[in-house]
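Asks: Let chain L serve as the given structure and place chain Z on it in line with the hints.
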Amino acid sequence: MAGAHGPSSDAADDEVTPETASTILPTESPTLVWVGLGAGLLAFEVGALATFLVAILSDTLAAASLPGVGFVEGIEAAARQLPTLLSRETVPNEGYWNGQRWVGTFLGLRPEVAWGIRVALVYLYALAVAGWAVLGYRLYRREYRAADWTPRDDVIDRFRNHGWGLFGLAVVFMFVVMAVFAPALGPTTVDKNMRNSYDNELTYWDAETDSVETILVGEANLASQSRGDGEERVGPMEYDDFGRFHPFGTLPTGRDLFTFIAVGSRISLVIGLLSVGLSVGVATSLALIGAYYKGRVDLGMVLVSDGVMAMPQLLLLIMLTTVLKDTWVAGLYSGAFLLALIFAFTGWTYMWRSLRGPALQVSERQWIDAAKSFGQRPRTIMRQHMLPYITGYLLIYGSMTLGGAIIAIAGLSFLGLGVSPPTPEWGRAVNLGQEYVDTGSWHISLIPGLLITLVVTGFNALGDGIRDAIDPRSDAAGSDADDGAAAGRGGGA
Amino acid sequence: MTAREDPVVSVQSLKTYYHDDSIVGAKPPVRAVDGVDLDIREGETVGLVGESGSGKTTLGRTIIGLADATDGVVEADGQDVTEFDAEQARDWQRRVGMVFQDPEESLNDRMTIGEIVQEPLKAHDWPVLTVAVEGDATVRGSGVRPAEPDETVDLTVGLDGDVTVRDELPLSADAVTAAVDRSGDAPTVDVTVEKSRAEIRRDRAFDLLDRVGLSEQHFYRYPHQFSGGQRQRIGIARALALEPEFVVLDEPVSALDVSVQARIINLLEDLQDEMGLTYLFIAHDLSIVRHIADRVAVMYLGNVVELGPTESVYADPHHPYTVSLLSAIPGSGSPWTGERITLRGSPPNPRDPPAGCPFATRCPAKIRPDDYDLPERTWRALDELRVVFRTRARAEASAAETIKRLIGLDVAGQDLRETVSDLLADHDLPPAAQSTVDAAVELAAGGDDDAAAEQLREAFGSRCDREHPEPYDGGEDRTSQCLRQEAEYDGVAETIRARQEDEP
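Those sequence lines, one after another, are chains L and Z. Using the numbering used here, the first residue of the first sequence is number 1, and each one after it goes up by one. Using the numbering used here, the first residue of the second sequence is number 1001, and each one after it goes up by one.
Hints were generated in silico from the structure; no laboratory data involved. A portion of the hints provided could be inaccurate.
In silico DSBU-like pairs for lysine-lysine, Cα to Cα no more than 35 Å straight-line [claimed, not checked]: (1) Z:Lys-1015 - Z:Lys-1027; (2) Z:Lys-1195 - L:Lys-372; (3) Z:Lys-1122 - L:Lys-372; (4) Z:Lys-1015 - Z:Lys-1122; (5) Z:Lys-1027 - L:Lys-372; (6) L:Lys-294 - Z:Lys-1015; (7) Z:Lys-1015 - L:Lys-372; (8) L:Lys-294 - Z:Lys-1027; (9) L:Lys-192 - L:Lys-325; (10) Z:Lys-1122 - L:Lys-294; (11) Z:Lys-1122 - Z:Lys-1195.
Pulled out of the complex, with its shape left as it was, chain L reads as follows (with noise of 0.2 Å):
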């Protein structure tokens, strides 16, 4: 056992031997190897990073009105100009025919095949980058770690054989990366296709001249609508009128579906995440620190959390959006840092009640009263000796939380109350399409419900897949998780 007390000194010295040497990599640097590819990886986005570095850093700047602004907007206009591999501009899909062939797509490839080596490239470039991550990871624990196994090796290996938990993982992952990438993924961009569709043109081949002209895209949007059958609608992945590539078909409106799904998800993550995130905080300290003390602390949560639980979250939405609308908070990403805000704090109350049973009774174990024994700091206790055991159940109201967020999102965006359009939004193309579900263009309001619907399931499978993994007892089989994480499963909200 003289591995796991760590490298002594002398075993310091034979660690260039080449048995020691690597066995993941083979080489006798494989940090320096590792640092290499990470920075290579890096090159492909650096323009892309760049530019959002100094778009946060002049945001900030411009929010708390501090001088720079205008050196930040050089550096900005600077960062523009550092090259971005995997964009757009690298791999155009937008172009036209002309006759005999496609101008200006990537290798004059038809755009629905330069869409999807772009599309490809960006899954590959995230799967790398992950690689590289899972790499950097086994390298630390092989070489550089001090212990041969952790008690998180094992965590690792449990949610490595949970086949529920890796299809959750598959899923948020690609809800991620397609969140982080949206500009690059969609065939259009927002800006071009929704937001000022009446400045830009387009070039196409119309059919009956034979020749190249040339359209607004407000105007070719108006030929390109989904609002039946037939003739009138473009479904997935159809080509309309003006040459324009559609993977998810068009909206009622004649924009692309997929660009509006794809810089949507960023709207839902960032709700759903932070409204969660938030409540998750307030709930978890709260109900550690109410089952700690007890009594009247405890009594004063239950009391607050009544009063806001009191409150109709609906028309205390309706009146923040309305007294904030001209505050700097509603101007945050089109309001939804404050929708996020307002779901964080009428919905922690209700996590917190669900937690605080689980909390009390875990309270109550002789563990607690033995770190007490030896003078263990109470924030110790609660961080050590409760939280471990309302994680299960914190994973999954979390992830059902998560699903509640997107859906609500989806819900007020139909009141016209959520995101302020023409800020793509999952919930707002269900709607859109709710008229044409029974007609050819059902692919407005089935294709953003799926993938609602399969978001919210792969991070509640996600959260499964983590809470068995973390729970020591569950390698046997599963059939002994008796205790109080397993009843979180039937729990429900």
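Replies: Below, chain Z without anything else, positioned relative to chain L:
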């Protein structure tokens, strides 16, 4: 065991009451510990026995600081533990340890054994690495600090640069370098420890596991992978991690198999010899206590009713409760030669203990008043009748009963009369006694159970019902809280024997 004068812990008239945490309708508190005096001397093992609910665990928890004392003093090093603020309590808890009854419950099964054993060390940022210099010098160095007076010294440095490390610390002297700088007015010693605290803690954990009979390979396992006995060893290792001087063992073996019990007991004894520990050993198994304890304290209803050297108490118990406990030891281990003494009824409600001797309601050697000359079984029937009234007085009344009581109707009078006639059916009471009983029954039927109980106590009670006995000095370092220690009464054992012979 030679008793030293200075106790490690001195408990003085300690009371721990549990109050209901409700804002309205507070019931009287549970008097878990109700006036206990107990000195625990350095290096000894005090066995604390008593039936469940007698308050022995609460006494242990109050000493450790897990329960708040209502009144009284727990003195250690001249300070009152019950008055400590949070930081002082932490400091006190660094110097004491506790092993819990149920090893299935007392280990967090989301943590590995290594984490569990190291947790107390981390909580107190152990090791402190205090440095003392032989001679006059200033100490410098990261991670070390000069030792305060009266503090445990971890590293001793000579002015020639020699380093001595305290034995308990898993740190070799080679890993410490001391550079002595004599250039200034006073010499300066620069101490460098080449082992990180985390490494010292980990080696300490290995060391502890080794001491309790486990091995290093268990370090990364989880509690659920161990048997009960092994888990208790882990609990012991954790309790000893911070090198405590005093350890409370709360029924450490009662949840284990008999075969494992002996091994754990032997381990505890070995550790005590090795590390010079002082134990408060809480148990309900009297044979184990006889084996391990130097002195034994017998608790009943929050009181230590008897206290003394184990052998002496076992050979000649002074308190009737001790006699009855010892008579219950099965097999030949029992020093009591008579019949087994079965105590009547159940212990009184700790919310409402008897006014006199707490054991008076069940005592087999209770002093009887001289007013009447009744057989023992008749006395017991009368005692029982009083318990009935007291229980009725404390019972929650239904709404209907309360209304009946208020307008003076007969409250369950029929049931009560039946109970009374059952109880006293084959006893011959003298006319004076009979009329007292009848009057009390009428009072109770009218709803005033308290008055009925009081009337019976006035008429048939003895000193035992009126007087809470103070600890009597029984010689040989022994005390017992029984009025029969007074010279005018017969001894406990002979009274019980005589009464047993009278019984049909």
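Asks: Each of the hints needs a verdict: does it hold here or not?
Replies: Here is what the structure says about each hint:
no.: 1; hint: Z:Lys-1015 - Z:Lys-1027; in the structure: 18 Å, holds
no.: 2; hint: Z:Lys-1195 - L:Lys-372; in the structure: 29 Å, holds
no.: 3; hint: Z:Lys-1122 - L:Lys-372; in the structure: 14 Å, holds
no.: 4; hint: Z:Lys-1015 - Z:Lys-1122; in the structure: 33 Å, holds
no.: 5; hint: Z:Lys-1027 - L:Lys-372; in the structure: 28 Å, holds
no.: 6; hint: L:Lys-294 - Z:Lys-1015; in the structure: 23 Å, holds
no.: 7; hint: Z:Lys-1015 - L:Lys-372; in the structure: 21 Å, holds
no.: 8; hint: L:Lys-294 - Z:Lys-1027; in the structure: 19 Å, holds
no.: 9; hint: L:Lys-192 - L:Lys-325; in the structure: 27 Å, holds
no.: 10; hint: Z:Lys-1122 - L:Lys-294; in the structure: 26 Å, holds
no.: 11; hint: Z:Lys-1122 - Z:Lys-1195; in the structure: 16 Å, holds
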